[in-house]
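> Sequence:
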Amino acid sequence: MFEKMWLMKKKNFILSFGCFILINNGAFADNLLNQAESQAIANKISQLNNATRMMCTPQLRCSLSLTTQFYSNFTYQPVWIQNSKVRPEVEEFLEILRNSYQEGLNPFDYHVKEIKDLLQQIKLAQQNGQVVPASVLANLDVTLSDAYLLYSKHLEVGRIDPSSAYPDWQVSRRQISLLDQYTVAVKQNNLISNLNKIKPNFVQYTALKQKLASYQKIAEAGGWESIPIGKDLRLSSSGSRVRLLQQRLALTQDYNLPNEGERVIFDAELKASVSKFQAENGIKATGVVDKTTLQSLNISVEARIKQIQLNLDRLRWLPPELGSKYVWVNIPSYSLAIKNKGSNELVMPVIVGGGGENKTCIVNSRITTLELNPYWGIPNRIATKEYLAKIQKDPEYLNKHNIRVFSTTTKNEVDPTLINWESVSPNKFNYFLRQDPGKKNALGKVKFLFPNDCGIYLHDTSNPNLFDRKARSLSHGCVRVSQPLELADYLITSNANWSDAKLESAIKSGEHKWLKLTEPLPIHIVYQTAWVDESGKLQFRKDIYKADNVDFPVFIPKNTNE
18 MFEKMWLMKK KNFILSFGCF ILINNGAFAD NLLNQAESQA IANKISQLNN
68 ATRMMCTPQL RCSLSLTTQF YSNFTYQPVW IQNSKVRPEV EEFLEILRNS
118 YQEGLNPFDY HVKEIKDLLQ QIKLAQQNGQ VVPASVLANL DVTLSDAYLL
168 YSKHLEVGRI DPSSAYPDWQ VSRRQISLLD QYTVAVKQNN LISNLNKIKP
218 NFVQYTALKQ KLASYQKIAE AGGWESIPIG KDLRLSSSGS RVRLLQQRLA
268 LTQDYNLPNE GERVIFDAEL KASVSKFQAE NGIKATGVVD KTTLQSLNIS
318 VEARIKQIQL NLDRLRWLPP ELGSKYVWVN IPSYSLAIKN KGSNELVMPV
368 IVGGGGENKT CIVNSRITTL ELNPYWGIPN RIATKEYLAK IQKDPEYLNK
418 HNIRVFSTTT KNEVDPTLIN WESVSPNKFN YFLRQDPGKK NALGKVKFLF
468 PNDCGIYLHD TSNPNLFDRK ARSLSHGCVR VSQPLELADY LITSNANWSD
518 AKLESAIKSG EHKWLKLTEP LPIHIVYQTA WVDESGKLQF RKDIYKADNV
568 DFPVFIPKNT NE
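Residue numbers for the sequence shown follow the numbering used here, beginning at 18 and rising by one.
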């Protein structure tokens, strides 16, 4: 019954729209002649349309509900089969999937083995002079479409879905319409070129991908041997552990391994290489292999590959165009840089959010406004969890820190001395606390605002001594900058009526003032525990938010039996 209704619907569709399709796209019109394959695709989808994921082959479940939606919208026309023959783009696409590990992806996610088996089945049937069953061709077409949609998704926005992987961490991730993209690519007959178009091409991604290739080659050759635990290795140390250290550094550092016959000794050249390794791993560069350095050296090549791939994945959360000039805040490196055509113009240390609910969120936005001598509206969670106890302990705390109290009901200011603070609890806190501008203001002299969903911003601080610390995940989520005036000076260059001197004078006046930027500057707050610096060195940092601790199967070329 379903087949008869479907054939009538399809026949009417062809009669009504066939001429239009023939005029506008001959390749798509040819596909309308694939009656048997179309019916096989329709049967498959109709039998399984209530399942969350449809069956592509007896061994495989497809990954995306969009696959069924696409074929339903496309009147079950095959994409990769034409006149009962496999289109030449299939082999080219299969090769792209096989090499997807070069993008930090996993070929097995995209049904490479199943596609290869189906193609072999079709080839054998043709060699024996047999008619290839329409069900086999339909299986191949649906599997290829599912692979294409999933590969496109991973290539554009990443394998990791932050909303499920990191439910307590707010991430700005761009939205795309995979279905529309695929439909347009099919109709315009540019399936392969479309994949090249959506691939990230900004410098951070390309540079990190090159480093991934180097580490994959190291893994393919067997990786490196762990250095046993022992005494710190330093100048004049010798023995088998020093030899292992030399071998380890020769793989990833600019270090030439001494000849086998030479004496194994920790010399000045090895110390310099250890110092470089430490600097590139966020460790104090002493040139001594202590416990922390040894742990970092002994992280396996497979673990480093996973880390690099995860960082490539997070770069896909970024928009395709970063801007020729933008602010780049990297949370794990506690740093801010203004990048102009790939070069750093201003670099400074920053303080970022701590763990738990204080994580700094991932943001792609534009800095639009400066607030000079800002007020600080203390968030309720900070007021109730941190300030209430201090107020109850010291009735003069509010006055000492220039904090005013407002009623959340009337919005009017309330005299804090008239409040019985002992009766106030976090669950019954009907007040809003606001700190006035001044030396004691937690936001310092200037605040940098940009639209975002989690209400964070950049700002100065009243406690600059914290920038002396190596680990600086200390804030409640906002980013404290160490050189606020330099950053403000840079941002106001496009404002005709403002100069460095005028900015300094406005701040010194103590008057609260808003300054809207004539040319808002893009800002990207990212989480990169692995990246390539301006000198081309691969940098690793501590995973302070445990974002790398997720299920992310990696593909090492040597481990496949394709």
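Since the hints were made in silico from the structure, they are not lab data. Careful, some of the hints might be misleading.
Stated by the list, open to error - Straight-line C-alpha distance at most 20 Å; calculated PhoX-like pairs for lysine-lysine:
no.: 1; residue 1: 248; residue 2: 226
no.: 2; residue 1: 301; residue 2: 102
no.: 3; residue 1: 554; residue 2: 293
no.: 4; residue 1: 445; residue 2: 402
no.: 5; residue 1: 301; residue 2: 554
no.: 6; residue 1: 170; residue 2: 102
no.: 7; residue 1: 457; residue 2: 445
no.: 8; residue 1: 323; residue 2: 226
no.: 9; residue 1: 248; residue 2: 234
no.: 10; residue 1: 133; residue 2: 102
no.: 11; residue 1: 308; residue 2: 288
no.: 12; residue 1: 417; residue 2: 407
no.: 13; residue 1: 216; residue 2: 170
no.: 14; residue 1: 308; residue 2: 323
no.: 15; residue 1: 525; residue 2: 323
no.: 16; residue 1: 293; residue 2: 519
no.: 17; residue 1: 554; residue 2: 288
no.: 18; residue 1: 487; residue 2: 293
no.: 19; residue 1: 417; residue 2: 487
no.: 20; residue 1: 428; residue 2: 445
no.: 21; residue 1: 323; residue 2: 563
no.: 22; residue 1: 457; residue 2: 519
no.: 23; residue 1: 308; residue 2: 559
no.: 24; residue 1: 248; residue 2: 308
no.: 25; residue 1: 530; residue 2: 301
no.: 26; residue 1: 102; residue 2: 140
no.: 27; residue 1: 530; residue 2: 519
no.: 28; residue 1: 445; residue 2: 417
no.: 29; residue 1: 410; residue 2: 358
no.: 30; residue 1: 457; residue 2: 554
no.: 31; residue 1: 554; residue 2: 308
no.: 32; residue 1: 533; residue 2: 342
no.: 33; residue 1: 234; residue 2: 170
no.: 34; residue 1: 204; residue 2: 214
no.: 35; residue 1: 358; residue 2: 342
no.: 36; residue 1: 234; residue 2: 323
no.: 37; residue 1: 456; residue 2: 226
no.: 38; residue 1: 525; residue 2: 456
> Under the constraints set out in the numbered hints, which ones does this structure not fulfil?
1, 2, 6, 7, 9, 14, 15, 16, 19, 22, 25, 28, 29, 30, 31, 33 and 37
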